[in-house]
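*Asks:* The numbering of the sequence shown is full-length UniProt numbering, which starts it at 1 and goes up by one.
Just so you know, the hints here were simulated from the structure itself, not pulled from any lab data.
Quick caveat, the model's predicted, so the values are computed rather than measured.
Quick reminder that beta carbons are idealized off the backbone N, C-alpha and C, glycines included.
One should not assume that every hint holds.
[Said to hold, decoys possible] Taking lysine to aspartate or glutamate and the EDC-like style, the derived pairs with C-alpha atoms no more than 16 angstroms apart in a straight line are:
id, residue 1, residue 2
1, K220, D207
2, K149, E98
3, K149, E101
4, K220, E209
5, K149, D102
6, K149, D105
[What the hints assert, rightly or not] Cβ-Cβ distance ranges computed for the label pairs, FRET-style:
id, residue 1, residue 2, range
7, A68, R238, 27 to 37 angstroms
8, D50, G202, 35 to 45 angstroms
9, G202, G242, 49 to 59 angstroms
10, G174, V212, 41 to 51 angstroms
11, Y234, R42, 23 to 33 angstroms
12, I219, N192, 19 to 29 angstroms
13, A97, D50, 36 to 46 angstroms
14, E224, T103, 22 to 32 angstroms
15, R238, D196, 41 to 51 angstroms
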Amino acid sequence: MTTGLQEDRAALVTGGTSGIGLATARRLRDDGLRVAVLDLDRPAAREVADAEGFVFIGADLSRREDCARAVPQAVAAVGGLDVLVNNAGFQHIAPIAEFPEDTWDAMLHVMLTAPFLLTRYAWPHLRRSGHGRVVNVASIHAQVASPFKAAYISAKHGVIGLTRTAALEAGEQGFTVNAICPAYVRTPLVENQIADQARTRGISAADVEQTVMLESAAIKRLLEPQDVAALASYVVSRAAWGMTGAVLDLDLGWTAR
Numbered sequence: 001m002t003t004g005l006q007e008d009r010a011a012l013v014t015g016g017t018s019g020i021g022l023a024t025a026r027r028l029r030d031d032g033l034r035v036a037v038l039d040l041d042r043p044a045a046r047e048v049a050d051a052e053g054f055v056f057i058g059a060d061l062s063r064r065e066d067c068a069r070a071v072p073q074a075v076a077a078v079g080g081l082d083v084l085v086n087n088a089g090f091q092h093i094a095p096i097a098e099f100p101e102d103t104w105d106a107m108l109h110v111m112l113t114a115p116f117l118l119t120r121y122a123w124p125h126l127r128r129s130g131h132g133r134v135v136n137v138a139s140i141h142a143q144v145a146s147p148f149k150a151a152y153i154s155a156k157h158g159v160i161g162l163t164r165t166a167a168l169e170a171g172e173q174g175f176t177v178n179a180i181c182p183a184y185v186r187t188p189l190v191e192n193q194i195a196d197q198a199r200t201r202g203i204s205a206a207d208v209e210q211t212v213m214l215e216s217a218a219i220k221r222l223l224e225p226q227d228v229a230a231l232a233s234y235v236v237s238r239a240a241w242g243m244t245g246a247v248l249d250l251d252l253g254w255t256a257r
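Given the sequences, and given the hints that come with them, work out the whole structure.
*Replies:* Listed below in structure tokens is the structure:
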């Protein structure tokens with residue numbers, strides 16, 4: 001089922017071969033877009049892209065030069081660029097006093113600097129599109145904080161500022177910029193976190209979900225990647241033409257308290 005999308009549009013989804021990125025790439029493809037996915041250039045990532053029929057862009061978003069070539073490479077491969085989904089990211093959990101400085105640098109580059117650079121490089125294509133869309137996949141941790149996640153939370157808070165500023169600048173140029181802030185989503189990253197916490201706390205994986213990850217949520221159930229993809233599908237649709245600078249919480253009621 002589509003959401004009234006303009007036909008013959010092209011999208012680039014970062015972190016697009018697993019988790020939320022893969023679900024979003026699949027949904028946009030099913031909505032009729034031509035899709036390129038960007039991820040680290042590894043055999044497993046290429047295999048996923050090939051199996052799904054996506055154009056694969058191998059890039060390390062912690063490297064400025066990789067960001068610089070990613071957009072023109074995607075444009076050449078899929079014949080333009082109308083939708084940019086900045087989704088790529090990773091997590092490292094440690095107290096500030098022990099947080100590795102190089103990991104801090106890498107996380108902020110991948111999750112904040114890279115979305116800025118990709119948006120900058122995509123800007124002329126989005127402007128020409130007439131119905132361009134940028135979707136920044138942030139997190140509920142763009143709105144609230146938790147201990148031991150300083151780099152992740154700092155980057156995601158920055159993504160909200162980037163989203164709002166870009167939206168103000170893009171408004172008169174005919175395209176929109178919005179952010180989606182999901183609570184915990186059942187991705188491989190989160191599954192690994194659940195397993196690690198179950199081991200360290202000596203409790204079951206189900207108890208980690210309910211008493212740790214969903215403690216502040218009104219709905220005690222992890223989101224699925226498809227839930228985030230469905231919201232992204234609407235945000236890039238024609239129906240959402242008047243939505244820009246929005247920070248869309250998909251947070252199971254986390255921030256309702």
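*Asks:* When the hints from earlier in the document are held up against this structure, which numbers fail?
*Replies:* Result: no hint breaks.
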